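*Asks:* Taken in order, these protein sequences are the chains called A and B.
Note that my numbering gives residue 5 to position 5 of the first sequence, counting from 1, and the numbers run on in steps of one.
Note that my numbering gives residue 121 to position 121 of the second sequence, counting from 1, and the numbers run on in steps of one.
Calculated directly from the structure, the hints in this document are not laboratory data.
Treat each hint with caution, since some may be false.
Subject to a maximum C-alpha distance of 20 Å in a straight line, what follows is the list of computed SDA-like cross-link-like pairs (lysine to any residue) [what the hints assert, rightly or not]: (1) K252/B / K252/A; (2) K252/A / R37/B; (3) K252/A / D113/B.
As the structure is a prediction and not an experimental result, all values here were calculated from the model.
2 protein chains.
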Amino acid sequence: MADAAFAHDIEAALADIAGAVERALEVLLPLGDGPERRVHEAMRYACLGGGKRLRPFLTMSAAWLLGAPDARSVRVAAALEMIHGYSLVHDDLPAMDDDTLRRGRPTCHIAFDEATAILAGDGLLTLAFEVLAAPATHPDGAVRADLVALVAAAAGAAGMVGGQMIDTAAAEQRLDEAGVRRLQAMKTGALITAACEAGAVVAGAASAPRAALRAFGARLGAAFQIIDDVLDASGNAAKMGKAVGKDRDAGKATLVGVLGLEGARAAALAEADAALAHLDAFGPDAARLRDITRFVVEREH
Amino acid sequence: MADAAFAHDIEAALADIAGAVERALEVLLPLGDGPERRVHEAMRYACLGGGKRLRPFLTMSAAWLLGAPDARSVRVAAALEMIHGYSLVHDDLPAMDDDTLRRGRPTCHIAFDEATAILAGDGLLTLAFEVLAAPATHPDGAVRADLVALVAAAAGAAGMVGGQMIDTAAAEQRLDEAGVRRLQAMKTGALITAACEAGAVVAGAASAPRAALRAFGARLGAAFQIIDDVLDASGNAAKMGKAVGKDRDAGKATLVGVLGLEGARAAALAEADAALAHLDAFGPDAARLRDITRFVVEREH
């Protein structure tokens with residue numbers, strides 16, 4: 001019963017934030033009536049109406065914890081979701097992972113076409129930085145520039161883009177455990193870490209809570225990706241809303257491949273424990289971040 | 001003789017700035033030794049060792065005119081060149097313009113592969129914003145955020161990305177003169193305009209000179225693109241360093257198609273005159289910007 005109540009509460013909290021972010025994205029994403037409208041539609045297709053909105057949840061929960069108004073943090077959350085959406089659109093392309101199904105719907109290049117999908121990803125990535133840099137995000141320009149710098153560092157060649165580069169070539173590389181962990185810290189962990197840290201930055205946090213949330217995000221991101229791989233290896237396609245078993249088939253580097261299913265699950269739980277330890281200084285107000293940590297390792301999709 | 005001396009002077013000035021930007025890019029572009037190194041190499045391939053560096057010339061000349069130190073403006077110039085480089089890499093992809101030759105060398109997806117080229121473009125776009133947002137670009141965070149916002153607006157769905165979307169579909173659309181001009185203002189004009197305006201911003205310019213440089217850039221960008229189309233229709237591949245005649249073959253919308261070769265050339269000269277008029281308030285110090293305007297319409301490649 002306690003577990004059912006927990007699941008109900010965290011799913012309600014996720015849905016709350018998903019609703020707020022969806023409304024923000026509706027307004028922030030363009031929809032012109034010129035001949036370029038097709039790329040606007042593809043950008044909206046990639047971002048609206050789906051996804052757990054984990055990164056927005058982390059940003060808004062961290063910002064709330066440190067006293068930032070939702071009207072600011074929701075813009076940062078929407079920007080992170082644009083970057084997450086762009087990364088999925090580009091990763092799904094035929095030249096990359098060649099996926100046709102995402103969140104139970106055709107991927108962007110299937111629903112539109114490859115050129116439009118490439119441009120939609122480019123447009124989302126660019127818009128994310130435009131939103132972060134806009135005065136409505138924070139009155140202090142130094143905070144806005146800080147947000148851009150930290151998100152760009154996480155999304156770029158030293159983070160997500162670099163991780164995807166390794167992942168694309170991983171079949172040829174046979175990574176060991178350290179190599180897989182580094183790949184995942186770049187490919188998924190960096191943006192999840194940035195989501196937590198950005199919540200602190202938009203709240204004008206001091207360096208100690210900012211560092212704690214950054215460290216929390218890094219561990220949580222690791223737990224999230226390991227569980228993703230566990231679900232891919234053991235889950236079913238209907239619950240996941242995308243093809244499963246593809247990692248193994250594609251020779252992708254995962255901790256399941258290195259440690260086995262149970263070893264990977266234990267590694268995820270260890271990461272989650274380490275994440276929770278970084279929240280100790282925040283006391284009971286960090287309950288939402290504790291709940292999402294538990295949710296991440298207990299989820300079935 | 002006057003013309004030969006002019007060409008010599010402006011080409012020397014372009015080479016000076018190209019050298020400064022090349023050195024800045026060398027330092028700013030990553031080159032790690034992890035398994036992600038391939039994307040770093042592709043990013044460098046796309047940005048180093050080629051191009052006229054027109055956008056950097058505009059940024060640094062505008063910044064110099066308004067008193068900004070080169071150490072700041074060269075970072076802005078390098079960021080703009082990263083965005084220009086990313087746009088060429090993505091535009092050249094098989095799903096887009098499917099070009100195999102650029103600046104006399106194989107395009108990025110030919111020299112590497114398609115996945116790496118997509119990621120290299122993503123990495124360059126992201127790094128550009130990281131560079132603009134970094135404290136080394138300007139000590140005032142509001143200036144840095146302003147730079148990010150204006151460059152993102154120019155590069156995104158309302159600017160370059162939107163223009164490329166129209167261009168990709170133009171063969172089906174039969175644009176009239178106004179439609180072609182709008183497409184070109186988005187696809188090429190927006191980033192050239194941003195290059196001029198960013199020079200003013202990094203110099204901390206007041207709104208009047210900033211607006212004048214923005215207006216100058218918009219006209220110069222139009223002149224540049226029209227001449228590009230004229231050269232594509234009449235030039236030769238060796239001078240251009242890329243395939244020519246492709247616009248017509250691909251049914252691309254150009255002013256040459258709408259106005260004919262001589263009509264397009266006259267339209268470019270009119271844009272250049274309008275550009276020059278916006279420089280009147282700056283007096284003799286704007287000589288470099290006047291020279292580049294003349295160079296843009298007289299160039300043969």
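*Asks:* Name the hints, by number, that the structure is in violation of.
*Replies:* Of the numbered hints, just 1 does not hold.
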